[in-house]
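Take the given structure of chain A and dock chain B to it, following the hints.
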Amino acid sequence: MEFFRINRTIDFMRLRKPMVILSVVLVLASILLLATRGLNFGLDFTGGTLIEVGYENPVDLAGVRETLRQGEFGDAVAQHFGTSRDVLVRLAPRADVSSADLSTRVLRVLQDGAAGQKVEVRRVEFVGPQVGDQLVEQGGLAMLYALIGIFIYVAFRFEWRFSAGAILATVHDVVLTLGLFSLLQVEFDLTVLAAVLAVIGYSVNDTVVVFDRIRENFRKLRKGTSMDVVNSSLTQTLSRTIMTSGTTLIVVVALFLLGGTLIHAFAIALIFGIVIGTYSSIYVASFAALALGVSRQDLVLPKKEGAEAGGQP
Amino acid sequence: MLNKYPLWKYVLIALVMVIGLLFALPNIYGEDPALQISANRGATVDEALVEKVNGALKQAKLPPLTIENDGRQLLARFGSTETQLEAYDVVREALGTDYQVALNLAPATPAWLLDIHALPMYLGLDLRGGVHFLMEVDMDAAVAQAEERYVEELRGELRGEKIRYLTIGRSGRGGIDIKFRDAEERARAETFISDRFADLVLIDEDRPEGVFLHAAMREQAARDIRKFSVEQNITTLRNRVNELGVAEPVIQQQGENRIVVQLPGVQDTVRAKEILGATATLEFRMVDDTHDAYEAQSTGRVPPGSKLYHDRDGRPILTRNQVMLTGDYITDAASGIEQQTGTPAVFITLDGKGARIFSKATAEEVGKPMAVVYIENKTETTVVDGKEVKKKLRVEEVINVAVIREQLGKRFQVTGLDSTEEARNLALLLRAGALAAPIDIVEERTVGPSLGQENINQGFIATLVGLVAVIIFMALYYRAFGLVANLALVANVVLIVAVLSMLQATLTLPGIAGILLTVGMAVDANVLIFERIREEMRNGNTPQASIHAGYERAFGTIADANITTLIAAIVLFSFGTGPIKGFAVTLSIGIVTSMFTAIMGTRSVINLIYGGRRVKQLSI
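Same order as they appear, the protein sequences are chains A and B. Under UniProt numbering, think of the first position of the first sequence as 1, with each following residue one higher. Under UniProt numbering, think of the first position of the second sequence as 1, with each following residue one higher.
Hints listed in this document are in silico derivations from the structure and should not be mistaken for laboratory results. Virtual Cβ for every residue (Gly too), placed ideally from N, Cα, C. Accuracy of the hints is not assured; some may be wrong.
Said to hold, decoys possible - Subject to a maximum C-alpha distance of 30 angstroms in a straight line, what follows is the list of computed DSS-like cross-link-like pairs (lysine-lysine):
id: 1; chain 1: B; residue 1: Lys179; chain 2: B; residue 2: Lys307
id: 2; chain 1: B; residue 1: Lys410; chain 2: B; residue 2: Lys368
id: 3; chain 1: B; residue 1: Lys227; chain 2: B; residue 2: Lys353
id: 4; chain 1: A; residue 1: Lys118; chain 2: B; residue 2: Lys273
id: 5; chain 1: B; residue 1: Lys353; chain 2: B; residue 2: Lys410
id: 6; chain 1: A; residue 1: Lys118; chain 2: B; residue 2: Lys61
id: 7; chain 1: B; residue 1: Lys410; chain 2: B; residue 2: Lys307
id: 8; chain 1: A; residue 1: Lys17; chain 2: A; residue 2: Lys220
id: 9; chain 1: B; residue 1: Lys273; chain 2: B; residue 2: Lys227
id: 10; chain 1: B; residue 1: Lys273; chain 2: A; residue 2: Lys220
id: 11; chain 1: B; residue 1: Lys4; chain 2: A; residue 2: Lys220
Said to hold, decoys possible - Chain A regions said to be covered by chain B (calculated; three or more residues, Cβ under 8 angstroms):
id: 12; stretch: 131-138
id: 13; stretch: 190-199
One chain only, chain A, in its complex shape (with noise of 0.2 angstroms):
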């Protein structure tokens, strides 16, 4: 079987001006996104306390609203999580209580408030607002220094053209996924962190067997615009790029309709990652790489000096 047998070169940059135009108003607007509605950041970015209880039967929320606003807790957020018996409870951190004593609180009210039902405790976290901060802080941090890793690597071997291609390309999905979760407001906690993190891994990854293509090409066919190998590489790594992001889509859709709730989040960013990353190694990277102007002679290796002087008579 095979489905892209493709015998001529498809002309990917024709579609070069209406992509980068494309990507620009999407970054643009996932700035935009970002700096009016920012990240809903889940509790391990922001602290406060979550408490997911499970009742024996379907439970009304407004009771549980009113059994927690008797036990002071007012300005809890309550809601149902799944079905009808899950209750999902969750509480910024607050002034007058012992933070580290609130989520046994909580409990205590909710069992109190439960008339005879049995309430199952199925998930509690409290996390301390110093450990959120330090935590956007670190997963900043661990972003940059493997962007810098990254960079360093692709410039050591291919060209620096390439790193920043590779580089661009990285920081645009990104910059969009971040923007998909500050449009869909999904919550961003540490599994969405972990699964930006891949999303970086796998933009690169594909990003750079693309290059590797245009390297190869750049050395091998001697005629043609910068253009053309660029066009003829990404015709030949097309069947691959297909195939890979589709079986590894298919993994993460199994993973976002079977993994259970927690991943839901991770799962998604996953998926808009994936289709991203691809995009994005052909409309951003190569066409970065060849927008600075990389050339048959930035790749093509030098002529080894010792060489040409044994041919001279």
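Quick look at chain B alone, frame taken from chain A:
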């Protein structure tokens, strides 16, 4: 063009796979519900105990599968969690307070695998249920406490040396201030102190309010105290966790001043928090019965050499400043009921030195009242205007005043506690030792056992479905080569599980996600190779040459792509924490194993199929 691997490569691959299978094997045996029975101080674990447990269980018609005795503790395995839970109650009742009984899940790994140290992966709390605490040690408080001790010591030593000072105490800016009448006396003190206390740096300070000597701890000494306070707290927490009877707890230092405590299977966070976070201790002081405590309370004038306390009902009690005995000398404490009054009591045993001090001190005081002071340090964190404010609370109250009827020695009892529960907690804390510095819970995560099981099942199903879908797709798309790739894919998962088991790394939910991502990357490697082979075939090369060129050409690409991802994974591992780290671990392991299986592994099988003979057509 020959596509043959030398024999040593086959041997190497076979060896890696055999070892991989062997070490991945423990994970399929699952876990038995079990009871872990360990002895409290004084009790022993022996065959008699095995008999006793066995007998009690037989009588309750809850026969265990096996009972293992490793000399330190017993492990009784059961067929189901229901019998385990019922047996838990039965065994606890039969053994009483001498033993700790804990619910546990014991790996059902066969002995021959245990002999080669093949253990199952360690599952994170999000996958198995339990409590995770991140605690912060208040190191400044440790230094402050050390300074307090210096103040006490200096006071005694200076007095003993007849060096007269006006006041001594901790200064507001850290360090200790000693005020003297004149510079001469100060000079004497300085010579004396610098001789005796090498860890203190002394500075003369002439202030408008008088002649001062400022003593500060040397930087190195303060640093040692900070470091020691964390170590001491870890030891204490370990003792307390043992007393809680938790199976396989994790207690580790994280960073400079944080401690991670993980208690798998524990559901009662309230009690866990109380026991782990409390810093309770006792002090024994003689009551100052020559002055009127009520008068001291109303006038606010506490006679020199005395200290004003209150008891639980708010009554003032004056005690002498001198502490007869602190909690440091207590080696054992048990809770119980005082025979005569029927009130809760704590029975205390002292070590040799403590017993000597105490018996000497009480011998002179027979017939006089002694106060037992209960001291508890608590930190309350509140948020004011978005900023964290930590308030330290020190509860000091007299829990008991009793007339010393005779000289007290190694064993004695303390009464006056509110409830048996309180007596039990105090006994537990006294046994487990005091914390060197207050700790503060900054993060708490609990996952219920049902949710943990759900996570495992869902993660497993998602992985399986994703994997099967990819396998079907690959087999359809690349035919024979696809089947080889699938073989490599399965081998890759086996190797990842084996390496995780060998390292005893913790598998968490993000970790599973990391494995899934490497599955995608492993597929990518094979796709790259196979597409290359197809390309070579299209260009008119022979099948053998195409295989050779396909692997050769794709290798550089795969290596570059994988190394860049590996760099990212390693960076994430070094700078990330918690789930990010878990993700990075499985990702890095997965990249390495997928390089091995997707390149070397598939090549070896394809060489076996096609190598060394004339082939007209490839099934690709």
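- Non-conforming hints, listed in increasing numerical order: 10
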